[in-house]
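There are 2 protein chains.
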Amino acid sequence: MNGAESLLKTAVAAGVEVCFANPGTTEMPLVAAFDAVPGVRAVLGLFEGVCTGAADGYGRMAGRPALTLLHLGPGFANGIANLHNARRARTPIVNLIGDQATWHLAADAPLTSDIVSLAGPVSGWVRTNRSAEELAADAADAIAAAASGQVATLIVPHDNQAGPAGGVTAPRPAASPPAAGEETIRRVAESLKRDQPAVLFMGGRALGERGLRAAARVAAVSGCALVCETFPARLERGAGLPAISRLPYFPEQGMAALSKFQTIILAGTRAPVAFFGYEGMPGSLISRDQNVEALASPEEDVPATLEALADALGAGADAGEVSPATRPQRPQGALSLENLAAAIAYVQPEGAIIMDEGNTSSMAYFPMSAGAPPHSYLTLTGGAIGQGMPCATGAAIACPDRKVINLQADGSAMYTLQSLWTQAREGLDVTTLICANNSYRILGIELMRSGVKEAGPQARGLIGLAPPRLDWVQMSKGMGVPAVRVETAESLVEELERAIANSGPHLIEIVL
Amino acid sequence: MNGAESLLKTAVAAGVEVCFANPGTTEMPLVAAFDAVPGVRAVLGLFEGVCTGAADGYGRMAGRPALTLLHLGPGFANGIANLHNARRARTPIVNLIGDQATWHLAADAPLTSDIVSLAGPVSGWVRTNRSAEELAADAADAIAAAASGQVATLIVPHDNQAGPAGGVTAPRPAASPPAAGEETIRRVAESLKRDQPAVLFMGGRALGERGLRAAARVAAVSGCALVCETFPARLERGAGLPAISRLPYFPEQGMAALSKFQTIILAGTRAPVAFFGYEGMPGSLISRDQNVEALASPEEDVPATLEALADALGAGADAGEVSPATRPQRPQGALSLENLAAAIAYVQPEGAIIMDEGNTSSMAYFPMSAGAPPHSYLTLTGGAIGQGMPCATGAAIACPDRKVINLQADGSAMYTLQSLWTQAREGLDVTTLICANNSYRILGIELMRSGVKEAGPQARGLIGLAPPRLDWVQMSKGMGVPAVRVETAESLVEELERAIANSGPHLIEIVL
Chain X
0 MNGAESLLKT
10 AVAAGVEVCF
20 ANPGTTEMPL
30 VAAFDAVPGV
40 RAVLGLFEGV
50 CTGAADGYGR
60 MAGRPALTLL
70 HLGPGFANGI
80 ANLHNARRAR
90 TPIVNLIGDQ
100 ATWHLAADAP
110 LTSDIVSLAG
120 PVSGWVRTNR
130 SAEELAADAA
140 DAIAAAASGQ
150 VATLIVPHDN
160 QAGPAGGVTA
170 PRPAASPPAA
180 GEETIRRVAE
190 SLKRDQPAVL
200 FMGGRALGER
210 GLRAAARVAA
220 VSGCALVCET
230 FPARLERGAG
240 LPAISRLPYF
250 PEQGMAALSK
260 FQTIILAGTR
270 APVAFFGYEG
280 MPGSLISRDQ
290 NVEALASPEE
300 DVPATLEALA
310 DALGAGADAG
320 EVSPATRPQR
330 PQGALSLENL
340 AAAIAYVQPE
350 GAIIMDEGNT
360 SSMAYFPMSA
370 GAPPHSYLTL
380 TGGAIGQGMP
390 CATGAAIACP
400 DRKVINLQAD
410 GSAMYTLQSL
420 WTQAREGLDV
430 TTLICANNSY
440 RILGIELMRS
450 GVKEAGPQAR
460 GLIGLAPPRL
470 DWVQMSKGMG
480 VPAVRVETAE
490 SLVEELERAI
500 ANSGPHLIEI
510 VL
Chain A
0 MNGAESLLKT
10 AVAAGVEVCF
20 ANPGTTEMPL
30 VAAFDAVPGV
40 RAVLGLFEGV
50 CTGAADGYGR
60 MAGRPALTLL
70 HLGPGFANGI
80 ANLHNARRAR
90 TPIVNLIGDQ
100 ATWHLAADAP
110 LTSDIVSLAG
120 PVSGWVRTNR
130 SAEELAADAA
140 DAIAAAASGQ
150 VATLIVPHDN
160 QAGPAGGVTA
170 PRPAASPPAA
180 GEETIRRVAE
190 SLKRDQPAVL
200 FMGGRALGER
210 GLRAAARVAA
220 VSGCALVCET
230 FPARLERGAG
240 LPAISRLPYF
250 PEQGMAALSK
260 FQTIILAGTR
270 APVAFFGYEG
280 MPGSLISRDQ
290 NVEALASPEE
300 DVPATLEALA
310 DALGAGADAG
320 EVSPATRPQR
330 PQGALSLENL
340 AAAIAYVQPE
350 GAIIMDEGNT
360 SSMAYFPMSA
370 GAPPHSYLTL
380 TGGAIGQGMP
390 CATGAAIACP
400 DRKVINLQAD
410 GSAMYTLQSL
420 WTQAREGLDV
430 TTLICANNSY
440 RILGIELMRS
450 GVKEAGPQAR
460 GLIGLAPPRL
470 DWVQMSKGMG
480 VPAVRVETAE
490 SLVEELERAI
500 ANSGPHLIEI
510 VL
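Residue numbers (numbering that gives the first Met the number 0), protein chains in the order written: chain X, 0 to 511; chain A, 0 to 511.
For reference, chain X alone in the conformation it holds in the complex (with noise of 0.2 Å):
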């Protein structure tokens, strides 16, 4: 057994089933060791950020890592963003990063770079593996770090994945989080007594169904709003399930949905900031003659949390309510981002996953489809656009008798559309709506807020996507998926109809 087998054996004790890879020369062991080690399946995507993004959509919809295989530092580089943007997620990911020989390192070697100075920005956990024989104690540590909501790096040099292995370790006990503490839930319980109105503010792991119901016992006990993060990493939500508001995006209607409580919550995320700094406008979204109440942090166990507080506060067991199940109508006539939001609402089946990194496109889409059957909605999480097309991919296989809806923007779409060729190639039950828009739009939208009256035509060329206009029933083709493209709400719904029927990816182009 070489260290490459006993690090996939390893993962393999430990419940890891995936890997998604673009391997190179350095990586040759691990690749051979896919078939001599049964268990973890390997993903081509054809390009890394395919990969990152992929691990992230997993992650979310698993609970649980899977891997990543890179090449060197210019192949984790690749994967950088949606590494940040699962980072912000705190999803579980362990990117295992091949590197030269340990005694090839020192020569400099064209593709050699500082792999540790990459992988910190966007890694809880970074290690660089030292031997052949602690390569299944680096990755049974990398997997418990990464199981707590974190990526965890582990570079591991070509030689000690070919080396003889020190054998296989058994997995690392899983560290359970915490709930707050008593006097947390007492202090907490108080002020929903004294300082009302207030609101439960709410991320991450309260937006699970577990938390969410705790929540809208809270609420109903205690009179609170619920209000979600702008970019939940996944929100469980629809017919059935506690309704929660989604806080705006620009700092100023952000400000403003809060500015209405004495009293914000805090439930398994931070403070909310705004996404950018705006001259004139603060960076907290929370002003000073606001009470903040830490609940839980991201990092505790916050369901068990928002029970205890909802058991303090005397709420009933079943107490809390949900959204009734209602659809918008069959949408008709000319395409509007109302009727696509619409389309999808009305179409989408029980269990969707719904992937939004629609950005200014799918506005509509989520109060559209808050009574639709019972879905999990992902977004992007830290703003590194090109998240929706690979973290679908990552979602299909992850939950493969579910289906998966990406609602995508064209922009963000052309980031790592290569997705499409992984889908294909694995039969994923993938949907993608390209917004076709044909521009930046939320750039245009942003240049005029920085007090440019009308934008020059240097400013209109690095907004606008067209010309040439991207033609994305020949770029789907091109992969492997089949497209069409449609112009109508009437057509945009029959196209969804048929996709949802039939299984494996499709894509539709709507023109908007």
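None of these hints come from the bench; they were simulated from the model.
Worth double-checking, as some hints may not be accurate.
Heads up, the list lumps identical chains together, so a pair's fine if it works in one copy or across two of them.
[Said to hold, decoys possible] Taking lysine to any residue pairs in the SDA-like style, the calculated list, with each CA pair at most 20 Å apart, reads: (1) K259 with P323; (2) K452 with A35; (3) K452 with M0; (4) K452 with P37; (5) K192 with S258; (6) K259 with R401; (7) K192 with S490; (8) K192 with G253; (9) K259 with R193; (10) K192 with N290; (11) K259 with V291; (12) K452 with N1; (13) K452 with D34; (14) K192 with S322; (15) K192 with A169.
These numbers come from a predicted model, not from an experiment.
Fit chain A to the known structure of chain X by using the hints.
Then chain A, alone, in the frame of chain X:
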């Protein structure tokens, strides 16, 4: 005048003409400044790896830096792989990275990350701007740093772009690199007279016409051989220029090529090392009983040093052999690597820029084209694949009157295929030849070299790019570049002739 405008005016004063950009909200004042300050052409790339790779190609051909404009850490990260190649090529590039407003950095908003840590591994110079007043001076310093053959990275907080500027900074005087000292030249001249057989091992600045002609004079008088590094950033070659052979890629072949020499004289490059460390094989390609003489480092004035060496040896002013004008015959029949190479060498016009990221598919091209009309030859310097598509794009912007032919492996092309869109938008005269072997062929070779006799199904899945087969014609048309597929040598030559006769971008998918 705001900070962004002072920065751009300073860049224009220093001779900067192009910025390859994919901006976001934190770069809006710079976006607006492109219209307020004339002189810098903003070129949009639909992915940052396109921008940095294009800046590399531009810098190699123009000999002066382009700007890139990138959005915070994640946007910059998407450009790292091609900056890695640029660093190895010693290409002058100035990266401008927008960051959060200084007062908003501590809020750790979603897109915030440690940009300095990401930038360090690929930048010879990194600075975070501290005020709007200092932006012009920082830009002048960055441009001067880049001009010496470095990647210079300037991080520009959002508020400092918008704040009142301190004025424009005049260009820093360019530091001319020194030639090697007389003692070194005397020592090397003595060695050449004494320790034959010898080879001038050349790279970097040695590979322009002036350096090559001087080296040919040295060879004529001393009998030494001329060999260049495996992956030159830019080599001038063809009929009427001195011939130089290229060090083979695999280390055993590289060692064999050098083993016949008693002395290896380094001119503009370091002593050659293996691209990867293989077990049982040394990392250095030079053995202990060979002499290594350092004539000129990559940082020195290598052409002047070579001329001084030729003079010291008493070489005639016009001495030195040059390649005779020869072309292969017009190839016929089924496609093979040989007649792919022959087709290009048969067709390529004088002054062509040949970007070669053909990897295993282009090995026959270099010897086949030795007698083609004079041309510039660019290669993948740092091993980070995905460089050919954008590098060809940038080269075409630097040299609008020259024909660019990008000899491009399919797996590598998928990394930065978005380059095609920029070629279409800008109407660039680039002909992309996709070598469609549907495989990471090099990895199949490397897997065998690592001792695996027969790849298992998972390894095969990580090496093969089909199924599904990529359809480059559809993908290219989807981005606005006309494309055809060829399956015979005759049709390849015909399509190449057509592409060369008609300006603008073309893509030819070559079924191998």
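Which hint numbers does the structure go against, in order from smallest to largest?
1, 6, 7, 8, 14 and 15
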